[in-house]
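Residue numbers (the UniProt record's numbering), protein chains in the order written: chain A, 1 to 288; chain B, 1 to 387.
Be careful, since some hints might not be right.
[To be verified] Pairwise CB distance ranges, derived in the manner of DEER restraints: (1) A/S21 x B/A387: 39 to 47 Å; (2) B/R383 x A/F25: 34 to 42 Å; (3) A/Q50 x B/A387: 25 to 33 Å; (4) A/L269 x B/A387: 38 to 46 Å; (5) B/K346 x A/M73: 51 to 59 Å.
Because the hints were derived from the structure by calculation, they are not lab data. Cβ atoms here follow ideal geometry from the backbone N, Cα and C, with glycine treated the same way.
Chain residues, written in single-letter form:
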Amino acid sequence: MAITPETKKRLVTAALLTPASLWLFVFLVLPFIAIVVFSFGERAPEGGYQASFTFAQFANLGARAAAFKNTLMLAPVGAFLCLLVAYPVAYYLAVKASPKYRLVLVSLVVVPFWTSLLVRVYAWMYILGARGLPHLLEMVGIENVRLLNTPGAVLLGIVYSYLPLMIMPIYVSLEKLDRRLLEASADLGAKPISTFFGITLPLSLPGVMTGVALVTILLLGEYLIPQLLGGGKVFFIGNALVDLFLQSRNWPFGSAIAVTLVVVVVIILLVAMRIAWRVAGTRQVDLV
Amino acid sequence: MSKDYKDNLPISASGFMDEFMRLKRGSVSRRHFLGITGLGLATAVMTRFPGALSSPAFAAEDLGTQMSIATWPNYHDPATFENFTAATGVAVEVNVFGSNEEMLAKLQAGASGWSLFVPTNYTISTYQKLDLIEELDLAKVPNFSQTTQNPRFTSEGKIDGKTYAVPKNWGTTGFSVNTSKIKSKLTTWKDFFEIAQTEADGRAMVHDYQLTTIGSALVSLGYGFNSIKAEELAKAEELLIKVKPHLFAINSDYQPSMRSTDAWMTMCWTNDGAQLNRDMPEIAYILGTDGGEIWTDYYAIPKSAPNKAAGYALLNYLMDPANAVKEHIANGAPATDSRIIALLPKEITSNKIVYPDEASLTPLEFGAAVTLTDPGRAELMARFKSA
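Generate coordinates for the entire structure from the input sequences, incorporating the hints supplied.
So, in structure tokens, the structure goes:
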């Protein structure tokens with residue numbers, strides 16, 4: 001049987017996709033199946049997992065309601081704060097900055113990502129700790145100020161850490177912006193502010209949506225910053241998972257929470273993608 | 001600059017957790033340190049030359065080039081492991097943990113990679129029951145001496161006449177107070193929880209560890225440190241949740257915050273109390289007159305140890321009084337072996353933080369095996385943290 005060019009193309013595609021598919025299956029799908037199986041089990045008397053088939057773990061999710069509530073509040077608030085700080089930066093980089101320096105400026109946004117997040121958070125611990133800013137405040141007579149382990153410190157840490165993830169997609173969507181549209185808008189008598197709200201902002205919405213979705217999803221699993229800059233006093237889902245797997249060794253309950261979190265993330269992702277596609281789709285139709 | 005392509009791969013979830021837990025305790029893994037400084041490579045190269053670093057004492061058995069130990073923060077003299085590496089050619093990776101529960105979780109999950117670890121007294125029977133540790137072959141630990149050990153601190157290493165663990169050191173769980181910030185005189189756990197809500201508002205720390213945090217709350221209410229009675233735990237929970245808004249942090253790694261004076265008061269283990277007081281004399285260490293914990297930490301070898309020969313070699317090295325005495329001087333915890341006590345300088349053996357009066361030890365209790373596995377205490381801790 002002769003191999004048609006069409007079949008050959010398909011075989012090549014399949015061959016190229018095999019490593020990635022295997023990788024995903026072994027390291028993503030299989031562990032997730034294990035977690036789903038665990039979530040229907042029971043905690044062994046000494047801790048760990050004991051085979052069983054019960055929905056008790058899911059029925060008990062209410063015991064971590066506070067963690068879900070805190071996380072579901074932190075994620076959008078954190079993402080919104082990131083957006084507020086990131087948009088002007090991305091706008092400046094893509095529209096205002098001189099092309100000569102643009103690459104350097106964009107690199108400056110990305111370079112901190114090359115350093116471990118831990119090291120950067122530790123730096124903030126030092127800056128906000130008693131030997132940092134509070135010490136400077138003491139010199140000007142303001143004593144016993146506490147900045148570390150406060151909700152403000154957690155929000156600051158989150159905005160700082162996730163900012164590049166918000167800036168980059170917005171930057172990319174603004175960079176693609178057709179300047180002729182802005183010129184046309186000005187020629188037709190629109191003020192810069194109307195041009196911004198009528199053209200620039202809508203055209204950058206796919207980037208905004210991508211950034212918001214990216215940051216929100218990552219924030220849903222956030223563990224480190226609340227622990228290090230918040231003093232471990234506010235419990236998020238990430239913290240609840242660490243506690244259940246490492247402290248109380250209740251794997252089935254931890255698995256049930258992990259599965260629920262994955263479901264929540266998937267829902268958020270689907271909604272965000274749908275909105276982004278709709279926004280991008282209609283605008284692109286307009287452009288043609 | 002990387003020596004290995006693996007260094008450039010994104011960190012795995014478990015790798016990240018390992019690094020994070022280590023850094024959270026204020027410690028960096030030895031391998032990481034050796035890697036970034038190039039010392040690891042240098043050691044590896046040196047060990048390729050027979051006789052360059054190896055000692056005839058260890059020539060009989062192949063110890064490999066690498067082993068891993070799981071232990072507690074601020075617990076060893078870093079020179080100990082360097083000297084061991086110099087003597088044997090075996091590089092030691094140090095994994096630092098914050099609670100026995102975490103150690104148990106890691107061993108239960110399998111493939112911890114440790115060839116030696118440091119469990120606390122009340123966990124050993126559980127490890128033995130779960131078949132996670134091996135009966136020690138004391139013939140491979142000639143430096144260990146049963147006769148010079150204080151039996152008060154060694155009994156829990158033996159189960160049914162078999163030795164599963166040998167003691168590292170003992171200690172107490174009290175609290176440290178920065179006396180330049182807090183003027184009230186504290187003597188009890190009742191005082192601790194009261195001052196945490198008043199004079200030390202926003203400046204007190206409790207452990208991220210159910211045994212000591214719940215235990216101390218129970219003691220402050222007049223109950224036993226190990227209680228698992230529902231009504232007593234409910235009272236302890238009520239107290240902890242009342243205190244929580246006033247806390248600086250829930251964290252077992254309290255030295256950095258106490259040293260920077262972000263925190264003024266913390267639950268504290270002997271060795272940390274001694275180290276803090278040595279470097280900052282205004283930080284006093286107090287044992288609750290109403291009770292609290294007394295403990296012994298042991299060395300044990302996991303059944304899954306990938307390099308048992310090196311595990312035994314390091315254990316034997318650590319049991320040598322000449323090496324152990326340096327450890328005790330560095331970490332500040334009291335010794336269980338009279339041979340070591342005899343070698344310690346007088347300023348340590350007369351230090352009341354390290355060797356308190358017998359009377360102040362009387363109200364203290366050893367942790368009970370049941371508190372480690374009691375789901376009620378674990379859930380209480382979670383409710384406290386999520387409140």
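Hints, one by one, checked against the model:
Distance hint check: the CB atoms of A/S21 and B/A387 are about 45 Å apart, consistent with the given range 39 to 47 Å. Between B/R383 and A/F25 the beta carbon distance is about 38 Å. The supplied range of 34 to 42 Å therefore holds. The beta-carbon spacing between A/Q50 and B/A387, approximately 29 Å, falls within the hinted interval of 25 to 33 Å. Our hint of 38 to 46 Å for A/L269 and B/A387 is violated, since their Cβ atoms are close to 31 Å apart.
Distance hint check for B/K346 and A/M73: the Cβ-Cβ separation is about 57 Å, which falls inside the suggested range of 51 to 59 Å.
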